[in-house]
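Enquirer: Given the structure of chain L, go ahead and fit chains Z, D, E, U, W, G and P onto it with the hints provided.
Protein chains in written order, with our numbering: chain L, 16 to 512; chain Z, 2 to 151; chain D, 29 to 126; chain E, 97 to 218; chain U, 1412 to 1889; chain W, 224 to 350; chain G, 13 to 176; chain P, 336 to 528.
Careful, some of the hints might be misleading.
[Stated by the list, open to error] Calculated lysine-lysine pairs in the DSSO-like style (CA-CA distance at most 30 Å, straight line):
(1) L:Lys389 / L:Lys461
(2) L:Lys449 / U:Lys1681
(3) L:Lys389 / U:Lys1766
(4) L:Lys389 / U:Lys1514
(5) L:Lys323 / L:Lys389
(6) L:Lys465 / U:Lys1569
(7) L:Lys449 / U:Lys1766
(8) L:Lys465 / L:Lys323
(9) U:Lys1569 / U:Lys1514
(10) Z:Lys91 / Z:Lys64
(11) Z:Lys91 / G:Lys70
(12) U:Lys1562 / L:Lys389
(13) L:Lys323 / U:Lys1611
(14) U:Lys1681 / U:Lys1514
(15) U:Lys1611 / U:Lys1681
(16) L:Lys449 / L:Lys461
(17) L:Lys461 / U:Lys1569
(18) U:Lys1562 / L:Lys465
(19) Z:Lys71 / Z:Lys53
(20) L:Lys461 / U:Lys1562
Simulated from the structure, these hints should not be mistaken for laboratory data.
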Amino acid sequence: MMQHLPVLQVLLPLLAAPFAALLRGRDLAWGVAFITTGAAFLISIALFLEQRALGTTLVYEMGNWAAPIGIVYVIDAASALVLPVISGIGFVATLAARQLVAAEIDARDHALFYAAWLLTIAGMLGQVTTGDAFNIFVFLEISSLSAYALVAMGSGRDRRALPAAFNYLILGTVGATFYVIGLGLLYMLTGTLNLVDLAERLPQVEETRAAFTAMAFIALGLFLKMALFPLHFWLVPAYAHAPSAVTALMASTATKVSVYVLIRLIFGVFGVEFPGLADAVGLLVLTLGIAGAFVGTLAAIVETDLKKLFAQSSIAQLGYMAIGIGAMSATGLAAAFLHLFNHALMKGALFLAIGMIAAQAGRATMGTIQGAGKQIPITMTAILFGGLALIGVPLTAGFISKLYLIRALLEQDFWLLAGLTFLSSALALAYVWKIIEAAWLQPRPKGAPKLHETASQYIPAWIMVIATLGFGIYATPLVQAAFAAAHVFIPSVAGAN
Amino acid sequence: MFSLWLLLSGHYTGLLLSLGFVSALGVSMIASRMGVLDDEGLPMAVFVRLPKVALWLTWEILKSNWAVVKIIFNPASAQPQLTWVQGSQKTATGLVTYANFITLTPGTVSVDVEEADNYILVHALTDDFAQGLSDPEMDARVSQLEGTKP
Amino acid sequence: MSVLAFSLLALGVAFVLAITRAALGPTPFDRVLAVNTIGTLAVLAIAVYGFFDGRPEFLDIALLYALINFIGTIAILKYFRFGTLGDHPHSSKKDKSE
Amino acid sequence: MSMVWQIIEIVGYISLGLGSLGVIFGALGLLRLGDIYQRMHGSGIVDTGGAGLILFGLLLLSPDWTVSVRLILIGFILVMTSPTATHAIARAARVSGVDGKLSRKLKPKPKVKPKPKTKGAK
Amino acid sequence: MSAENLIYTLLGLPLLASALVLVFRNHPNLRDGQAVLLGILSAGAAFQLYLLPTGASLTLVELAPGLTLTFTPEPLGKLFALVAGTLWPLATLYTIGYMRGAKEANHTRFMFFYAVAIHATMGIALSGNLLTLFVFYEMLTFSTYPLVTHKGDEAALKAGRVYLGILVASSIVFLLFGVIGVWAIAGTLDFTSGGILVGKIDPFYVPALLALFAFGIGKAALMPLHRWLPAAMVAPTPVSALLHAVAVVKAGVFTVLKVGVYIFGIDFLKETGGSEWLVWVASFSILAASIVAMTKTNLKARLAYSTVSQLGYIVMGTALATPLAASGAALHIAAHGAGKITLFFCAGAIYVAHKRTDIRDMNGLGRTMPITYTAFALAALSIMGVPPLAGAWSKFMLMGGALDNGYLVVLGVLMVSSLLNLVYLGEIVVRGFFATPKRKLKGVQEAPIAMLIPLSITAFLSLALFFAVDLFIIDFGG
Amino acid sequence: MNPFIEQLLGQWNYYLVIVLMMIGFYGVIARGNMVKKIVGLNIFQTSVFMLYISMGKVAQGTAPILTGDPTTVYSNPLPHVLILTAIVVGVSTTAVGYALIIRIHESFGTIEDDDIIAQLDDEEDVS
Amino acid sequence: MQDDIVIRVVAKVMIPAVMLFALYVQFHGDYGPGGGFQAGVIFASAFVLNAVVFGLNKGRHVWPARYNLMGICGGVLLYGFTGVAGMVLGKNFLNFNVLSSDPVAGQHLGILLVEFGVGLTVAAVMVMLFFTFAGRTAHLRLLSKSDAHERKVSASKTAKKVKK
Amino acid sequence: MAGFLVNASLIALLALIAILALRLHRLFAVVMLSGAFSLVAAAQFVVLDAVDVAFTEAAVGAGISTVLALATLSLLPAQEKPHSISLVPAFLATLTGLLLAVAVSDLPVFGDPKAPIHNHVAPEYIIGSEQAIGVPNIVTSVLASYRSFDTFGETLVVFTAVLAVLLIIGGYTRTPQKPKKAKRKTKGSQNAG
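Looking at chain L on its own, in the form it has when it is part of the complex (with noise of 0.2 Å):
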């Protein structure tokens, strides 16, 4: 069964889920759901310890074709740091979801419910596994469609869902039009699908305008998907009146795979050494990062509903991973994917804890935490980590990502923009302020709902925050893990080990 992991990983949780349609009652498809997310996250381990055991790149055929003419499963350095990631946030927010959707969502409405949700979390891991260009697009769409509707189900209680599901819904098709149209022009070019059978033909005809013409769409089909500034307008909707399980998972998850994906084309297909990407693209992702970093984090500022507040910030800190990537440099793209897997966890506990007072308050501002620090301690504590985290205070997880992106801009001497990515790190701070000030320091409005917690309502943020302080404290695999996926891309020694 061993050879069959990487299939395992994505197949299980797609069969799974017209399991979970066709079951009656909410805890028996939830039943199927957790159960299936923790095989997953089992399997996304397995795969992740095998592969660094043996440090080579697994492959699998479907059907037994082999590579360019069937469709491959690729499980090399990189994939098997995302796949945790993802199926791990994946379980975690299933464990928090029992109680977030029975509180958000009509009780019918669970087994559908389900079947979409662990259809998202398969489409993402397919997206992370596979190794076919045309693959990644279908995969991309089973995870997008069914969010799509998984953000909608959060007109149950917010009308506003509904446009935003539709904005999310047009420009993500955009997006992924895009990304199939310079795929196009890729395969006109080469004739060939496979990633890596991509990355050998290339070099033939990459002085070509077709060639850069292709990087160009697929570059800005997948900045669509990530939301990279000034295309991240979807998201903030999107993300604030999902339902408060659907905002925990995606935020930590799916402009992440967009941005894993972006890293496997840019840099595994196109090659850090293809014409025109390091002075144009490179520059241009680095500005956009920056800048996006910086509008992210000034309108999180300003705003005062939590999940718009750190879905602001998830713009921001997507900024910082464009900055990762443009950075064009083994020790950059080490430091995105750092990010990718540290933000994910800050975000899940954040989002998982703001989901808990969300589902018992209706909404979750500033009003509605306001003194809130001494009836929820537990909570408010996980969403303080959470916080500190994302300015990157050392211990935490942030610090170590943080740390390697200031590297990776150093070893550049980009010293003016590693100078103003630490600005905006440092304006972090006055978000995460403000929220610590409302939910310790000030007292409790009268007339305010009464908020609980019970231990199955903030264990699963607890697990995120644990996770969060667990790799700020003891980074060192992780770290050199990252680098090895960054090396998959750009073979190098520039790394620090």
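Expert: Below, chains Z, D, E, U, W, G and P alone, put in the same frame as chain L:
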């Protein structure tokens, strides 16, 4: 049904034939669930009598085609009008066939069918077409096709 | 061969005329009629092109067109008559039971 | 033998050509005629004369019998559906109150003749 | 005990104390008693560590490849640990007296964070690399925040915001950037004698990098980032003592010094002239703060600005980039620590005994509380740099350093500043002993004994330091 | 025929497809009406499909269904497969889009972008 | 539309024909154009025609939604498990060679099964989509007739709640 | 040459329909035109040898999509609010087009049998389909065997879509909040014209 399958297929292997048989069966089943397989459906006997009528109809169609084309080049000469035509058919299918035949011949379009008393409201392009309708030949032939008239 | 090409050309001209009608309207029924005609034209065009190209075994597509065209037209008319593709206002008593 | 085939082929081409003309004229009618009901006659030409002749021509040209079967089926379906569609359009137009130009008034039904019905609707 | 175990002890004792505070939260005597006891133990441990030869190192965990949490006591760190370790039990004892005397609420929380702050200070003192230092630096900031806002009223919260805002923002924006910058350039963060940047950085960037540190270490209260210090004066006096003498500002200047010595390297700084600008900033800070101090009539505010001014000395010691000046700066950490804590102890004693904070109300108080005022006078003289008190040595060495480098102006600055010290500190002493009180004061009315003991000890220490100075002069090599 | 003109003619196909694409894309991003957006999206996607199919075409080739004649040249089947998948994806997206439009209309009473934004702004002001 | 005899009669003829054509397309995908997806759509269009002509409720009766959902899931699972069979039989996922002793026959069988899975899913999905979309209208119409007033009240309440 | 003419005129026709579809404000007409667009596009696919695709496009674009659109329209206002041509989107669209146009000039000539795309992987499908799979329709063999995982994904996309639609409008309790629009439709459509 199965014969239709055979006609379409063009490939005769054991598997496909059996699948075809199953398909025909399945379609019949679903169709009966839909309730479309009552006697309003097309009786098979029609196929026997069809060719003769068809040939006649083709000729009619060609004739009226020519007539309409002439009008198209001179739209002013059109004398659009509505008339009632009575069919002598006994079955709904027969009446429908009549109505369709009327429509099929350009220059006349059946606009409404009064099921209760077998009247068909026809839109005719010119007087000639309207006149042509009162000619009972088509009615007779449809009834013949239907089998109610010997 | 040239006759086939001529047919194609004729069909093309007819296409343009029909689309003009579809665009001009003026009533929606004109449009429906025009689209219906376009469908018929497409059936013919595909049939003729199959011969033109030398591989006439793809008439299945034309067949499909004919069917789809009919269904589409009926659906459009239904929409116009009743403003819905669902039940008529009076005939539906129970709604979604599933 | 080959002579016969040749003749058949020529007839086929002629039929095809005529059909094409029919299609053009029909479409022209669709465009030129005065109101919706009149235009139906134009589209009727496309559906019958044009389509019929073209299909007939192709039938004569068809290389093997599977193609012929399909052509016949297409023809059959067109014969079934196109008048139905046209009728449906006409009826729908009339029901929703689209009036065409009429050169003379509609006379009422000549006489109401109660007639034995074999089959009721529904 | 081996050095490793001593490190564990020094780091662990405050933590143990904080834990025990929570355990004994319902038994005030037990709670406070164990804190003092553990404080004394840690003072002993610090002293023992100080006497041990350097070279030990302890790595707790590897964060990322090449990034570890490591503790490496070196002379400067050991000195700071000794200062903190010695003053902690005294401050604790004093705190107990103050808190009980002034009947402050939330005693347990206060004691808890107090101990945590000491833990953080120890961490800073013993840290073996910049990252470890930074971690404990931040920890110190956060753990002292509840102390500063202890009163919990609007003013305290506002002050707390300023405090946290300046310290955290500066440290995140500048210091962390500097840390990572150094790491990116040098590939290591370990404190190494002679610096780690030599030959790895373009001299052109040195001033900028140094600026990141100088301003990033907001705790050093270098103008214009000094605002938090006077703001934090709303806190109870033991906190002020902690902030000024033991932990926070000392941690700040200690960090500056350590960065200057072990990251940049004195010679490297001198060669590149990268610290030249800092000399002038420090001079400005010294003078301006002194002048501001003179305008303040609130005792604690005046002391606060005095601290700002004194911190300037230590920064100056770094900036001068000569071994002598650096040694002087290190010594000044100890000297100023002993002196300033005494001053604050006294201020607290005055407040507890007479509820007075304004200098103009303190006329003649010296006669009612002679012990306090004697201690105050000693400490003030030490700060001014009058022999035979501790401050004299450090100031002298700084001057020497300035002369080595030819900064005659700096010499002038130091002298002027001493004069200003004399004016604003002397005024208090003079008023206490010689001015006639506005209202009649009856008899001797000293502060509680728990407060008097520590302030006497610290006053004595500043005297003793003058004579035992050999022990505390660290040779930073030629 | 002159090879240059041959090439130009060949490229024309792509250019025309691109024009289609532009029209569709404009429809998606310019139109405030949501149904129109979806229609624009359909046009956009269909033209992308056409790009793919165009590149699969081989001159003098024929549909990729084996004829048994070894000399037959077939067009490339792979783009066809891809586009089959893409069409399915497209129709799925369209269906979801329409479903969303229905719900939006039910809760906002309009399907125009700017009206909805205006409504939401009002709402923000009230709360 | 069932009041129009012409359409009704013709539809009755057309529906079985369309379904048969769909199945033909389904199973001859190997030889000519077509396959599971197309067949599914065509098959569903027969249902659409049925529902359009004879009314939604009658259309629903033919194929209850519950079975429909089962059909959808069943199709997906059929596809999936055909693939898993290859896995169980010792090769990789979706390897059809091992389904039969002869690889070519195995491929054939696999393709047939897989296409059938697709067809089943797509047909059921399209029917479901149509009923859901068209059913929405009926749903609304009914609601607006029977208790328009009552809902107006509750709607304003909801609106208020939302605003809060 | 003739092939080119057919191609070009079909695409021109498509462009015509597309522009009309976007210009008209009556949503019904828009939907109908988009159905016609699909039909013509399918014809174009046939011309380009993609019979399977044409089959699908016809069944989907002209059939199901139109029916769904009509079902949707029956719940919506019939008219679009008039918009003027907006410049920014037009600019963006043109930019995209230009970018592509630049790229195209580098591409292999249309229909060139020597293009890499026809010589790298595709031949193996054509040979393999005959020998390893024994299915004459290469598209089917690629679809269902070589790239059957894609098709599996495709099936799941459809599955996902129906889930999504059921979640969004198949609802149990989600009665619409503003009922007033529901009735108006019939009238609106009758006036249409």
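Enquirer: Each hint: holds or not?
Expert: Status of each hint after checking the structure:
1. L:Lys389 / L:Lys461: holds, 14 Å
2. L:Lys449 / U:Lys1681: violated, 43 Å
3. L:Lys389 / U:Lys1766: violated, 33 Å
4. L:Lys389 / U:Lys1514: holds, 25 Å
5. L:Lys323 / L:Lys389: Given that 30 Å is the threshold and the Cα spacing comes to 24 Å, the pair holds.
6. L:Lys465 / U:Lys1569: holds, 28 Å
7. L:Lys449 / U:Lys1766: Not satisfied, since the Cα-Cα distance of roughly 35 Å exceeds 30 Å.
8. L:Lys465 / L:Lys323: holds, 23 Å
9. U:Lys1569 / U:Lys1514: holds, 23 Å
10. Z:Lys91 / Z:Lys64: Within the cut-off at roughly 28 Å; holds.
11. Z:Lys91 / G:Lys70: Status holds; Cα separation ~27 Å.
12. U:Lys1562 / L:Lys389: holds, 18 Å
13. L:Lys323 / U:Lys1611: violated, 44 Å
14. U:Lys1681 / U:Lys1514: It is violated: about 52 Å lies between the C-alpha atoms, which goes past 30 Å.
15. U:Lys1611 / U:Lys1681: holds, 16 Å
16. L:Lys449 / L:Lys461: holds, 20 Å
17. L:Lys461 / U:Lys1569: holds, 23 Å
18. U:Lys1562 / L:Lys465: Between Lys1562 (chain U) and Lys465 (chain L) the Cα gap is close to 27 Å, so the pair holds against 30 Å.
19. Z:Lys71 / Z:Lys53: holds, 28 Å
20. L:Lys461 / U:Lys1562: holds, 23 Å
Comparing the model with each numbered hint stated earlier shows that hints 2, 3, 7, 13, 14 do not hold.
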